[in-house]
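Visitor: Sequence:
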Amino acid sequence: MQQPIVIGICQMQVEDDKSLNLRKAEQMVQIAAEQGANLVVLPEVFHAPYEPAGFKYYAETFPGPSTEMLSRAAARYNICLVGGSIIETDTAGRLFNTSYVFGGNGELLGKHRKVHLFDVDGVITFKESEVITPGNDLTLIDYQGLRFGVMICYDIRFPEWSRAAALEGAQLVVVPGAFNMSSGPSFWELMMRTRAVDNQVYIAAASPARNLTASYHAWGHSMVVDPWGKILTEADNEEEVITAAFDPTYMEKVRRDMPLLKHRRGDLYELKYSRAEK
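Take the working numbering: the last position of the sequence shown gets the number 1482, and nothing is skipped along the way.
Some hints could be false.
Derived DSSO-like pairs (lysine-lysine); straight-line CA-CA distance at most 30 Å [stated by the list, open to error]:
id: 1; residue 1: K1466; residue 2: K1434
id: 2; residue 1: K1476; residue 2: K1466
id: 3; residue 1: K1331; residue 2: K1228
id: 4; residue 1: K1457; residue 2: K1476
id: 5; residue 1: K1260; residue 2: K1222
id: 6; residue 1: K1222; residue 2: K1331
id: 7; residue 1: K1260; residue 2: K1228
id: 8; residue 1: K1434; residue 2: K1457
id: 9; residue 1: K1260; residue 2: K1331
id: 10; residue 1: K1331; residue 2: K1476
The set of hints was computed from the structure by calculation and includes no laboratory data.
Can you make the complete structure from the sequences, with help from the hints?
Guide: Set out below in structure tokens:
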């Protein structure tokens, strides 16, 4: 690894003004970089309100205003920037919930389209699949000796997906997510710590700040969790930048002391995934 990795998470409040959101995101990325972060993460759908019915009005092709800002900021501060997610549209008019990742020269390192779509009809009703097309690929990014997976919100609920990333060498899983006021208190921390412990990886979970004037209220509580399940840093529910160090030596120690991945019974079960997306 060329230099120590410091993770920065920008828990920003999202408004209904895309230009304002992009300016705010760039300002918070600057703050994270000034605090020493060189791997910075924005929240899910950071450029627009989290309202599926309105996603088409904020959707962008690539390149577009949001990705141009992300590329510019990554190059300006010489960081790896995980652009939370934006609503992407393709030439066929389909919409995707997509995370773009840029490197220190402003180059595109990869993108992740949300695979598991959030459809519930209980305490709240939310039908992401009515407007969003799912992605089909596991996303792994290599940056300065670090391999990390990118998963968006509901993706982290599925243990097979993060295990697949770990088996492919992921040391960190980055999760831009927007759990709500129903699921957040019960599952946000539990889910992030469980995935960290199950796979002996770091987890960096980036939520929007809570905006009570919006129709969707995010839980907040962005956090970084180590492979032992310890929360290294956690935001509350308001706008904040948090940072924590990624320590590969500690991760290796955890895996030596409790070699879970080595003790898997491949003779009894296996995990497969298909790289279907082009």
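Visitor: Now, for every hint given, state plainly whether the structure supports it.
Guide: Verification of the supplied hints:
1. K1466 - K1434: holds, 22 Å
2. K1476 - K1466: Answer holds: K1476 to K1466 is near 17 Å, not above 30 Å.
3. K1331 - K1228: holds, 28 Å
4. K1457 - K1476: The hint holds at about 27 Å.
5. K1260 - K1222: holds, 13 Å
6. K1222 - K1331: holds, 23 Å
7. K1260 - K1228: This hinted pair holds, its Cα atoms lying about 22 Å apart.
8. K1434 - K1457: Since the Cα atoms of K1434 and K1457 sit roughly 15 Å apart, the hinted pair holds (cutoff 30 Å).
9. K1260 - K1331: holds, 15 Å
10. K1331 - K1476: holds, 28 Å
In this structure, every one of the numbered hints holds.
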